[in-house]
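> Throw the hints in and build the complete structure from the sequences for me.
If you read the protein sequences in the order shown, they are chains Z and Y. Per the working numbering, the first sequence starts with residue 1, numbered consecutively. Per the working numbering, the second sequence starts with residue 306, numbered consecutively.
Treat each hint with caution, since some may be false.
As the list claims (entries may be wrong) - In silico contact screen, one side only, chain Y against chain Z (beta carbon under 8 Å); selected entries:
id, residue
1, N377
2, G380
3, P381
4, V385
5, A403
6, L404
Hint data in this document are derived by calculation from the structure and do not stem from the laboratory. Note that the Cβ used here is the ideal one computed from N, Cα and C, for glycine as well.
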Amino acid sequence: MSTTAAKFPFEAGTETLPASPRPAAASASAPPRAPAASPEPRLTALLKVAGARVVPPVAVLAVLLLVWEILCSRAGAGLPPPSRVLAETWDLIVDPFYDNGGTDKGLFWHISASLQRVALGFAFAAVAGIALGTLVGQSVWAMRGLDPIFQVLRTVPPLAWLPLSLAAFRDGQPSAIFVIFITAIWPIIINTAVGIRNIPQDYRNVASVLRLNQFEFFWRIMIPSAAPYIFTGLRIGIGLSWLAIVAAEMLIGGVGIGFFIWDAWNSSKMSEIILALIYVGLIGFVLDRIVALVAVYVTRGTSAQ
Amino acid sequence: MAYLDISDVGISFTRSGKTSEVLQGVSLGIEQGEYISIIGHSGCGKSTLLNIVAGLLKASTGGILLDGKEVNSPGPDRAVVFQNHSLLPWLTVRENVALAVDKVFRGRKSKAERRAWIDENLALVNMLHAADKRPAEISGGMKQRVGIARALAMEPKLLLLDEPFGALDALTRAHLQDQVMEIHARLGNTMLMITHDVDEAVLLSDRIVMMTNGPAATIGEVLPIPLERPRRRLELVEDAVYTHARAAVLEFLYARHAAPALAA
Chain Z
1 MSTTAAKFPF
11 EAGTETLPAS
21 PRPAAASASA
31 PPRAPAASPE
41 PRLTALLKVA
51 GARVVPPVAV
61 LAVLLLVWEI
71 LCSRAGAGLP
81 PPSRVLAETW
91 DLIVDPFYDN
101 GGTDKGLFWH
111 ISASLQRVAL
121 GFAFAAVAGI
131 ALGTLVGQSV
141 WAMRGLDPIF
151 QVLRTVPPLA
161 WLPLSLAAFR
171 DGQPSAIFVI
181 FITAIWPIII
191 NTAVGIRNIP
201 QDYRNVASVL
211 RLNQFEFFWR
221 IMIPSAAPYI
231 FTGLRIGIGL
241 SWLAIVAAEM
251 LIGGVGIGFF
261 IWDAWNSSKM
271 SEIILALIYV
281 GLIGFVLDRI
291 VALVAVYVTR
301 GTSAQ
Chain Y
306 MAYLDISDVG
316 ISFTRSGKTS
326 EVLQGVSLGI
336 EQGEYISIIG
346 HSGCGKSTLL
356 NIVAGLLKAS
366 TGGILLDGKE
376 VNSPGPDRAV
386 VFQNHSLLPW
396 LTVRENVALA
406 VDKVFRGRKS
416 KAERRAWIDE
426 NLALVNMLHA
436 ADKRPAEISG
446 GMKQRVGIAR
456 ALAMEPKLLL
466 LDEPFGALDA
476 LTRAHLQDQV
486 MEIHARLGNT
496 MLMITHDVDE
506 AVLLSDRIVM
516 MTNGPAATIG
526 EVLPIPLERP
536 RRRLELVEDA
546 VYTHARAAVL
556 EFLYARHAAP
566 ALAA
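Below you can see the structure in the form of structure tokens.
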């Protein structure tokens with residue numbers, strides 16, 4: 001695959017993940033099934049597998065927390081140790097749903113506001129990105145015309161779009177959504193175009209022997225054939241969106257996890273920042289897994305997990 | 306006029322300013338129900354000829370008539386069995402055949418009739434048992450059988466087979482050849498097959514079309530195979546007509562028109 005893709009100018013971009021199984025897929029795959037002789041050996045085998053997967057990260061985490069605790073417990077340390085983080089943010093952790101009006105809300109509301117912006121921006125980017133990617137992948141002239149522009153625009157940092165979009169929309173909410181849109185769209189366009197370009201000639205021949213019309217060809221051949229590539233683009237896109245929303249919200253204010261972090265910084269609440277970062281990381285991970293699972297479902301397992 | 310009439314077909318490709326003539330002056334008539342094989346060394350343009358008949362390539366000169374109508378674009382009346390099966394991996398075996406059947410018979414057959422027709426064609430190649438499997442889950446020989454079922458299900462006037470058994474092991478290949486012979490006997494399709502296997506050509510064909518080497522390849526000789534049908538491969542091994550035909554093809558391919566790479 002890489003040899004055919006290499007011919008395509010878009011491949012110069014660093015954002016194209018290989019659609020083939022990644023090393024990550026191996027660790028995420030189902031544990032090998034133990035022979036079902038009797039329930040007890042099976043249980044021990046299951047425990048063994050669980051131990052092999054769960055023990056290493058937990059052990060590493062414990063060591064890291066310990067080092068952090070020791071380093072930051074000294075007097076004059078710039079950051080709070082984990083024990084103090086937990087103590088200071090306990091109220092935030094146990095009650096994420098409080099709402100005292102304004103921006104004084106629980107973490108659930110901040111995260112849900114951020115997720116809504118990402119959902120909207122990403123949805124627009126997915127639709128427009130797949131459409132534009134299809135156009136560029138299908139038509140040589142569209143590629144010649146649009147590719148140079150895309151290659152320049154995609155290097156513009158997400159936040160650089162914010163002032164322009166604020167000027168255009170005159171409101172924080174649509175501006176943030178636009179920043180998400182413009183951040184997520186490039187990898188979707190580029191990967192979709194590569195996927196469309198890599199549709200095997202055999203499938204095109206089948207389509208022309210069957211005399212499929214443009215619409216049928218798009219739905220029956222193009223989209224399923226390019227789906228693994230499209231989903232690679234969508235996965236990169238959702239990751240970038242989540243990166244960009246935190247930064248954008250720091251600037252536009254209002255409710256949102258980015259603003260929450262900025263607000264905590266202004267009040268010197270280091271523990272709250274650390275808690276928010278943990279949440280941001282976990283949610284980013286979950287978003288990535290969701291897109292990956294949708295990919296497996298939609299491509300019926302032909303896409304790498 | 307013949308059922309399929311290929312008259313004076315030639316094709317040339319231009320790449321980076323250099324024009325190379327691949328086929329020149331190919332003329333051939335095929336009668337309805339005939340089984341024709343085209344044999345030649347690799348690179349002689351036999352697949353190109355098949356693609357022109359299929360409508361996937363446009364001839365530079367000459368023209369093709371099928372049943373009195375000019376061929377200038379691909380269509381289900383000339384179904385192709387592709388060398389590498391070309392099944393769509395995201396569809397099941399039945400869905401692959403259904404894609405063709407639904408497209409070709411929409412409006413002519415009811416949904417239930419189409420479903421029955423799909424199953425009938427899968428049964429014809431003994432693949433009904435795996436109808437709900439995906440191409441990745443079945444063997445190469447099975448995939449090719451599904452490819453044949455898909456092509457047959459379009460009820461083509463002419464069935465084009467592009468080295469249909471080339472990628473298969475010898476045992477599977479023999480088994481599929483027998484199945485194709487049986488289908489040909491039962492349905493009486495007109496078949497045009499590309500092959501590079503001499504035994505396969507002699508066993509299956511009514512006539513063997515032997516191509517000269519490129520550039521500007523053309524038909525060197527057409528050899529009729531006057532063997533009775535049904536043919537059984539075991540009985541043919543010692544048959545005089547069979548051995549003579551086999552020798553004639555070998556003589557053409559290796560004495561008179563040896564592969565350019567080998568001759569050099």
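> Could you run down the list of hints and mark each one as holding or not?
Against the structure, the hints come out as follows:
Here the hint on Y:N377 is broken, as its CB sits about 12 Å from the closest CB of chain Z, past 8 Å. A least Cβ separation of about 6 Å between Y:G380 and chain Z falls short of the 8 Å threshold, and the interface hint therefore holds. For Y:P381, the shortest C-beta to C-beta distance to chain Z is roughly 6 Å, which falls under 8 Å, so the interface hint holds. Interface hint status for Y:V385: upheld, as the beta-carbon distance to the closest one in chain Z is roughly 6 Å, under 8 Å.
A distance limit of 8 Å between C-beta atoms decides the matter here; for Y:A403 the minimum to chain Z is near 11 Å, and the interface restraint is violated. Interface restraint check for Y:L404: the shortest CB-CB distance to chain Z comes to about 7 Å, inside 8 Å, so the restraint holds.
Violated hints, in rising order: 1, 5; the structure is consistent with all others.
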